[in-house]
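There are 2 protein chains.
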Amino acid sequence: MSVSEQVASARRGARALSVTPTADKDRILRAIADVIVANADEILAANAVDVGEAERSGLVAALRKRLILTEQKVASIAESVRSVADLDDPVGRTELRRELDNGLTLTQVRVPIGVIGVIFESRPDALVQIASLAFKSGNAVILKGGKEAVETNRCLYTLLRDAIAADSPQLGDSLQLVETREEIRALLDLDRDIDLMIPRGSNELVRYIQDNTRIPVLGHADGICHVYVHADADADMAVALTRDAKTQYPAVCNAVETLLVHADRADLLPRIVAAMPDVEFRGCPRSTAAAGIAAADDSDWSTEYNDLVLAVRVVDSLDDAVAHINRYGSHHTDAIVTASATDAERFLTRVDSSSVLWNASTRFADGFRYGLGAEVGISTGKIHARGPVGLDGLTTTQYRVTGSGQIVADYADGRKHFTHRDMQ
Amino acid sequence: MSVSEQVASARRGARALSVTPTADKDRILRAIADVIVANADEILAANAVDVGEAERSGLVAALRKRLILTEQKVASIAESVRSVADLDDPVGRTELRRELDNGLTLTQVRVPIGVIGVIFESRPDALVQIASLAFKSGNAVILKGGKEAVETNRCLYTLLRDAIAADSPQLGDSLQLVETREEIRALLDLDRDIDLMIPRGSNELVRYIQDNTRIPVLGHADGICHVYVHADADADMAVALTRDAKTQYPAVCNAVETLLVHADRADLLPRIVAAMPDVEFRGCPRSTAAAGIAAADDSDWSTEYNDLVLAVRVVDSLDDAVAHINRYGSHHTDAIVTASATDAERFLTRVDSSSVLWNASTRFADGFRYGLGAEVGISTGKIHARGPVGLDGLTTTQYRVTGSGQIVADYADGRKHFTHRDMQ
Chain A
12 MSVSEQVASA RRGARALSVT PTADKDRILR AIADVIVANA DEILAANAVD
62 VGEAERSGLV AALRKRLILT EQKVASIAES VRSVADLDDP VGRTELRREL
112 DNGLTLTQVR VPIGVIGVIF ESRPDALVQI ASLAFKSGNA VILKGGKEAV
162 ETNRCLYTLL RDAIAADSPQ LGDSLQLVET REEIRALLDL DRDIDLMIPR
212 GSNELVRYIQ DNTRIPVLGH ADGICHVYVH ADADADMAVA LTRDAKTQYP
262 AVCNAVETLL VHADRADLLP RIVAAMPDVE FRGCPRSTAA AGIAAADDSD
312 WSTEYNDLVL AVRVVDSLDD AVAHINRYGS HHTDAIVTAS ATDAERFLTR
362 VDSSSVLWNA STRFADGFRY GLGAEVGIST GKIHARGPVG LDGLTTTQYR
412 VTGSGQIVAD YADGRKHFTH RDMQ
Chain B
12 MSVSEQVASA RRGARALSVT PTADKDRILR AIADVIVANA DEILAANAVD
62 VGEAERSGLV AALRKRLILT EQKVASIAES VRSVADLDDP VGRTELRREL
112 DNGLTLTQVR VPIGVIGVIF ESRPDALVQI ASLAFKSGNA VILKGGKEAV
162 ETNRCLYTLL RDAIAADSPQ LGDSLQLVET REEIRALLDL DRDIDLMIPR
212 GSNELVRYIQ DNTRIPVLGH ADGICHVYVH ADADADMAVA LTRDAKTQYP
262 AVCNAVETLL VHADRADLLP RIVAAMPDVE FRGCPRSTAA AGIAAADDSD
312 WSTEYNDLVL AVRVVDSLDD AVAHINRYGS HHTDAIVTAS ATDAERFLTR
362 VDSSSVLWNA STRFADGFRY GLGAEVGIST GKIHARGPVG LDGLTTTQYR
412 VTGSGQIVAD YADGRKHFTH RDMQ
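If you read the protein sequences in the order shown, they are chains A and B.
Throughout, the working numbering is defined as the position within the first sequence, counted from one, plus 11.
Throughout, the working numbering is defined as the position within the second sequence, counted from one, plus 11.
Just so you know, these hints were derived from the structure itself, not from any lab.
Since this is a predicted model, take the numbers as computed values, not measurements.
Please note that the accuracy of each hint is not assured.
Since copy identity is lost for identical chains, a pair holds within one copy or between any two.
[Said to hold, decoys possible] Okay, derived cross-link-like pairs now, DSSO-like style, lysine-lysine, Cα gap no bigger than 30 angstroms in a straight line:
id	residue 1	residue 2
1	LYS427	LYS84
2	LYS427	LYS158
3	LYS427	LYS76
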């Protein structure tokens with residue numbers, strides 16, 4: 012089947028899924044969870060092929076580790092599908108109900124987006140998480156996983172699709188898999204048939220997608236996150252939050268890349284450096300003077316290390332910290348450590364990022380931790396969903412007007428008048 | 012000043028405006044209304060220059076008519092600014108408040124988008140409407156009007172900008188005007204500095220913008236709207252709604268372009284044709300047989316006439332009508348005429364358009380009529396605001412986390428657990 016045939020097929024699946032009741036979607040999600048558990052051996056066998064190939068081809072250890080599934084991981088994947096079944100369904104939710112005039116009512120109702128393309132990396136649990144969020148929110152999804160996980164992805168995809176089709180044949184088409192770069196290229200041309208692309212991956216991948224399609228793109232290219240230690244910051248808290256934000260999982264997008272410290276708290280820098288012996292620091296002149304660390308150059312302020320490296324800059328004021336973040340950051344996730352509610356408010360309202368935190372680690376910016384159940388990605392754009400994107404972010408709205416024969420001419424000519432009364 | 016300097020200036024204005032209290036914004040909007048009234052003579056004089064030039068250059072009558080301002084129109088423009096001041100301010104509204112754990116709270120707050128570019132047509136009242144909606148929602152806006160209205164637009168822009176700056180000098184930069192095609196081209200390259208483009212104009216303009224920028228684009232290229240007359244439709248209502256949807260203002264995007272009639276009600280076609288003597292009909296073979304109208308060809312189903320022309324097709328079922336609309340329509344606005352709530356529900360949930368109406372004219376799909384106060388445009392995209400776009404559609408959200416030193420490691424290692432309890 013060609014990519015355009017797959018997309019047309021996805022559209023048919025999306026139309027059927029968009030009017031499928033919540034109870035049916037939840038029953039199918041639970042069946043998927045059961046099928047995953049029942050076929051753990053098959054999944055692990057497919058995964059072993061990918062892992063073997065990764066070893067032969069010398070894939071870097073970090074990526075290899077993310078690729079490996081265990082019986083326990085398979086069980087937790089099934090559990091995550093059940094947790095998506097437990098989430099509230101946003102589809103059909105009424106966002107607005109307004110009487111326009113006697114017998115003329117406007118409602119704004121939440122509906123699925125339609126057909127979504129998602130490109131993701133080596134971790135095979137991503138396939139199941141994305142597919143179950145898309146399914147629950149009533150969207151067809153075209154999945155493209157990393158080539159390192161090709162066998163695992165194909166196995167999981169087949170199990171999911173068969174489980175859906177076994178329950179409701181007309182919904183099977185709502186899940187599609189493509190496996191090659193050429194197929195991505197073909198998808199990007201189908202702007203009339205695909206409603207949204209969500210690339211999860213390298214900066215280069217995201218920019219390539221953005222530059223080569225008219226389809227709206229949701230996601231983020233960079234995760235250049237900051238922790239700002241204000242003049243009045245509690246010393247222990249500043250050290251603990253910075254260490255967590257840098258070292259708890261340095262390879263992810265919400266890890267901190269630049270630490271900003273108010274000049275009055277530059278004395279903390281030696282403690283922060285000592286608290287993270289595995290981290291390489293690169294500082295501005297005042298930081299190097301205070302803590303004896305290596306010198307940063309200008310490119311450090313806009314580099315996403317994704318590694319145990321931390322840029323450090325001493326600033327003279329909260330406003331300077333905000334200006335630095337808005338200039339060099341990627342509008343992703345930034346935190347302030349301060350005892351002052353007033354100063355925190357000033358920071359939170361002025362930093363132009365999808366998530367801002369006061370006295371908490373940047374690592375909290377995540378769909379699961381925010382209680383969205385899971386996420387299909389984190390968006391740093393201003394349009395549509397912003398920050399971690401869960402079920403709500405996979406929906407849009409539709410205005411529905413119910414009348415009794417009203418015509419506009421009566422209102423334009425002054426024979427009738429709008430009441431515009433919001434209803435409960 | 013170069014375009015990129017103007018955009019940088021707009022960003023500074025946006026930052027200041029984003030934290031300006033509602034009361035200040037409303038006071039400035041009312042001052043703008045007063046300034047417009049006080050300077051009506053100057054506005055009319057500038058408009059007279061544009062109208063004279065339009066006559067000399069032979070601008071078509073319809074466009075010339077839209078260009079002309081009168082004292083009464085100027086007063087109604089001022090009134091529309093006051094009505095925007097009266098609208099609720101979406102900025103700062105809390106969309107979600109959730110306890111993540113004891114002492115760790117997540118809020119999702121509505122915030123301005125930032126810097127928005129709007130390209131609009133000859134009608135000069137559009138400038139004031141767009142500028143006041145953008146201002147109230149806390150956004151800087153870069154305005155580009157039609158060249159037919161260049162003198163009127165420049166006059167209105169100067170009055171607005173001066174009124175803003177007279178009250179709050181730091182907010183004056185939030186309004187910018189560009190006047191040439193070359194400047195649009197320059198704007199489209201500034202994807203790091205402009206958050207959203209809203210083109211209002213011809214299909215060609217919208218597609219040009221979409222094809223030449225990485226900035227997200229909100230709007231619609233086509234308005235191919237339908238009225239579907241179901242088998243059980245009330246005859247009088249079907250005639251009245253179709254006539255209103257076609258003739259009340261044929262040049263606009265929510266006017267009907269194709270009438271679909273169930274085969275059981277093809278007998279209505281002669282009445283519908285007789286009710287609109289000024290309209291040229293183009294029908295499918297069954298329509299031509301029923302009503303003796305000219306024959307349509309396939310291109311008619313996907314043509315936006317914006318004129319007194321109506322394509323007509325007889326269909327065998329509601330599902331055939333839905334399939335026609337989803338295939339040939341532009342996902343803008345579509346209506347059904349039926350006595351059956353069940354059939355209406357089937358139509359409304361299956362037609363994939365931004366507005367769907369039951370027993371009401373397509374012409375109701377409009378920000379003012381929907382009670383949004385006004386609109387910056389109508390979006391047929393699935394991403395972000397959909398349908399008529401008012402204040403809410405000019406905002407986005409930001410996640411804000413307030414903690415007391417929490418680190419992710421405690422939750423990842425099982426020492427602490429999320430509560431995820433939604434709060435009022």
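Here's how the hints hold up against the structure:
1. LYS427 x LYS84: between (64 angstroms within a copy, 21 angstroms between copies)
2. LYS427 x LYS158: neither (63 angstroms within a copy, 36 angstroms between copies)
3. LYS427 x LYS76: between (68 angstroms within a copy, 26 angstroms between copies)
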